[in-house]
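Residues in the sequence shown are numbered from 1 upward in steps of one, following full-length UniProt numbering.
Keep in mind that the hints were calculated from the coordinates and are not lab data.
Just so we're clear, the structure is a prediction, and the values are computed from it rather than from any experiment.
Accuracy of the hints is not assured; some may be wrong.
To be verified - In silico SDA-like cross-links for lysine to any residue, where the CA-CA straight-line distance does not exceed 25 Å: (1) Lys214 <-> Pro254; (2) Lys199 <-> Pro132; (3) Lys355 <-> Asn373; (4) Lys16 <-> Pro132; (5) Lys77 <-> Glu429; (6) Lys199 <-> Val460; (7) Lys16 <-> Gln32; (8) Lys214 <-> Asp248; (9) Lys568 <-> Gln579; (10) Lys77 <-> Asp264; (11) Lys435 <-> Gln292.
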Amino acid sequence: MPDLIQEPIKFSGNQKAVAVFSSSEDAAAEIQDKLNLAPYNAIILVFGSADNIEEKIVPRLTQLCRRGIASAAADAKAVILDGGTNAGVAMLVGAGVASRNTKVSLIGVAPKGKVSFPGLQDVPANATPLEPNHSHFVLVDGNEWGNETPTLFNLADVLMQPPKKEVDAAQSANGSQTSWLSRSKKESGTNSQPAKEKKIPALAILIGGGAVTKDEVVQAVRRRIPMIVVKGSGGLAEDVTDAYDKKDVLPDDPDLAEIIADGDIHLHSLDDLVEGMNRLILRELATDKVLQQAWQTFATYDLNAGNQQSWFRHLQMWILCVGLIGTALAISDQVLQTYHVYDDSRVTVLAKTFKYLLILIPIGLTALVAASNRFKQGSKWMLLRAGAESIKREIYKYRVKGYYKEVDTTAQETRTDEEMKRQEQVTPEQELTHKVEDVTRRVMRTEVNSTSLKQYTGGVYPPNYGQPPSDDGFSVLTPDKYVEVRLDEQIKYFQGKTPKLQKQYFRLHCGVLIAAAVGTFLSAAGWPVWIALTTAIVAAFTTYLGYMQVENTLTKYNQAATDLENVKGWWNALSSSEQAMTKNIQLLVDHTEEVLQTELDGWVQQMKDALETLRKEQEKDKGKDNASEGANVPPPPPPPGGEGGAAGEGAAPVADNGEPNVQAGMNENDAAKAAAEAAPAQATDAAAPNVTNQAAGENSAPPSNVENDDSPADKNDDDETENKGGSDGDVKEDKPE
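Make a model of the complete structure from these sequences and hints.
Shown next, in the form of structure tokens:
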């Protein structure tokens with residue numbers, strides 16, 4: 001295979017270009033190396049007429065190429081590939097890029113036998129000159145138009161692959177983000193996923209065109225490259241536009257039918273504003289600033305929800321543990337006093353230690369409960385999770401092609417003419433902005449506004465965690481793609497979490513039964529005083545089950561997984577023509593998101609009810625008299641010889657004169673014990689999130705990787721069972737959405 005030849009081409013006016021002369025056997029990667037392109041972030045392929053453009057539309061096409069294509073390419077730092085000749089669409093694109101005075105790499109790919117350029121010795125007959133504003137040319141061996149098409153797409157495939165250093169950087173960023181978000185590598189139902197090697201986004205633009213252009217468009221469709229068709233530009237573009245408007249009935253032409261059936265097509269009329277073309281290009285190239293900002297807001301809420309959840313869970317565990325320790329120490333101190341152990345001068349240090357611990361533990365427990373009630377991490381966690389998942393839900397709706405537009409026109413009969421007119425003027429970008437604004441406004445009207453939110457600084461949108469590798473987070477979703485990255489991922493999440501929840505539920509209940517059995521054994525063995533400790537342990541397990549909502553979460557997840565499976569079954573049962581209908585696509589999205597939202601709303605309401613009940617129990621415990629608390633603790637069995645024994649099982653301690661010794665049971669020990677016994681209720685009460693119906697219901701997002709902030713996206717798997725954070729929404733950790 002001969003080496004690739006690279007030569008400069010000098011045009012008049014001191015314009016220069018790099019030309020690479022290639023054969024059909026040359027590897028595209030080698031061609032890329034020879035081109036020595038400047039760094040780029042996107043690729044735009046322009047297909048269209050090489051000549052025969054109607055004179056009356058040339059002015060509008062000129063504006064489209066200048067202020068639409070060239071401007072968007074500069075903003076997106078894109079490489080443009082076209083035919084490279086000084087005629088037709090390629091000439092307009094070259095002039096448009098030159099008029100912007102920007103450094104955009106403009107690559108013309110053409111058969112060597114059909115073009116001419118300065119310095120060429122043997123000029124082919126009927127050759128078309130190369131366009132002088134192009135920065136690069138790839139001239140392929142061949143004497144017919146179309147010989148260059150394989151090289152064009154092979155080169156595009158290579159250009160879409162990210163440089164190795166960018167892949168390494170993405171993996172590094174993913175590692176750092178999942179670290180500070182406390183994401184567990186044991187994702188629900190699936191193994192941890194590596195950082196996504198996202199392809200560089202590509203977009204095709206069709207302006208006019210003929211037979212060769214049709215083959216190029218088919219190749220782009222087969223590579224799933226989105227395409228903008230300029231309506232009113234004539235030629236193939238008009239054929240595609242007409243067929244697209246009647247897409248329920250595919251045309252007889254097999255190539256055209258494939259373009260309509262499989263293509264991700266977007267129409268832009270020459271009569272529309274040029275700025276609309278610019279925005280459409282930027283959106284399709286995943287540089288949509290509206291969508292990027294929505295992902296940024298989601299990531300920030302998601303990050304802070306994880307942080308609040310972590311603080312909440314750790315604080316509740318501290319409250320429970322300190323309460324249990326206080327109970328154990330209070331009982332131990334009482335036993336030691338009953339056996340007169342403190343009378344021995346050799347245990348003076350032990351006596352003082354117990355004394356101070358029994359003073360400090362109630363103080364520390366009170367401080368922990370006060371901190372939990374004051375800072376309300378549980379409530380903030382749920383509100384932020386709800387906001388994050390609500391935004392994620394709107395993002396998925398926005399990405400499903402035409403969803404907002406279709407939803408806006410379904411109830412026209414109930415709207416006034418003024419409302420319909422105003423709604424028709426709302427673009428999808430504006431609709432997403434309004435939805436995100438509503439969510440953030442409601443969240444910031446709660447106690448979340450007293451928190452300093454840490455901004456997401458990962459630089460990767462969307463965050464790598466919780467997103468399947470096949471989803472870049474920006475591209476338009478076809479129905480099948482939506483099923484793959486949204487519905488299927490949620491099913492996997494729920495099905496992956498239920499076994500873990502079942503295990504946790506089983507272990508916690510086993511703990512309750514074991515503690516109760518131990519208490520019974522101690523009572524039968526003559527040590528009823530220790531029943532208070534086993535009772536406190538049972539209360540701690542019960543409290544943990546209460547604010548973790550393990551049983552309810554398990555039930556809801558099973559129901560949600562079943563409902564989503566039913567939605568998927570309904571969709572798969574539709575015929576291909578029915579699946580192409582806009583109404584059914586809308587129903588697919590609506591049903592999926594409604595299932596996720598219902599799961600979340602139900603969980604949030606159950607959590608509110610459980611925490612409210614625990615709060616009331618805490619108020620009861622606070623009203624109990626310390627003396628009665630101390631008197632109700634059964635005494636230990638009498639020591640050998642009957643010294644200082646109890647009057648009988650269940651009786652209060654007595655003094656030497658036989659009178660009930662209330663003082664013996666009501667000093668620091670009893671205070672600590674009473675506080676310890678109230679700890680479980682206090683722990684959960686502190687967790688009680690102050691979620692309003694509006695925030696918990698309207699704001700809550702569909703369960704998307706959220707279980708205890710454990711949804712697929714925000715899976716905080718700190719322990720075996722993550723706190724239910726809201727399924728695709730509110731409080732669960734993010735599920736793999």
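Lys214 paired with Asp248 [C-alpha distance capped at 25 Å]: holds (21 Å)
Straight-line alpha-carbon gap Lys77 to Asp264, limit 25 Å: Holds, because 22 Å separates the two Cα atoms, which is no more than 25 Å.
25 Å Cα cutoff - pair Lys16, Gln32: At roughly 18 Å apart (the allowed maximum being 25 Å), Gln32 and Lys16 satisfy the hint.
Pair hint outcome, Lys16 versus Pro132 [Cα-Cα no greater than 25 Å]: Answer holds: Lys16 to Pro132 is near 8 Å, not above 25 Å.
Hint consistency between Lys199 and Pro132 [alpha-carbon to alpha-carbon, up to 25 Å]: violated (30 Å)
Hinted pair Lys199 and Val460, Cα distance within 25 Å: holds (13 Å)
Straight-line alpha-carbon gap Lys435 to Gln292, limit 25 Å: Distance of about 14 Å is within 25 Å: holds.
Given hint Asn373 paired with Lys355 - CA-CA distance at most 25 Å: violated (28 Å)
Pair hint outcome, Lys568 versus Gln579 [Cα-Cα no greater than 25 Å]: holds (12 Å)
25 Å limit on alpha-carbon distance, applied to hinted pair Lys77 and Glu429: Holds. Lys77 to Glu429 sits at ~22 Å (cutoff 25 Å).
Holds or violated: Lys214 to Pro254, with C-alpha atoms at most 25 Å apart: Answer holds: Lys214 to Pro254 is near 11 Å, not above 25 Å.
Checked against the numbered hints listed earlier, the structure breaks hints 2, 3; every other hint is satisfied.
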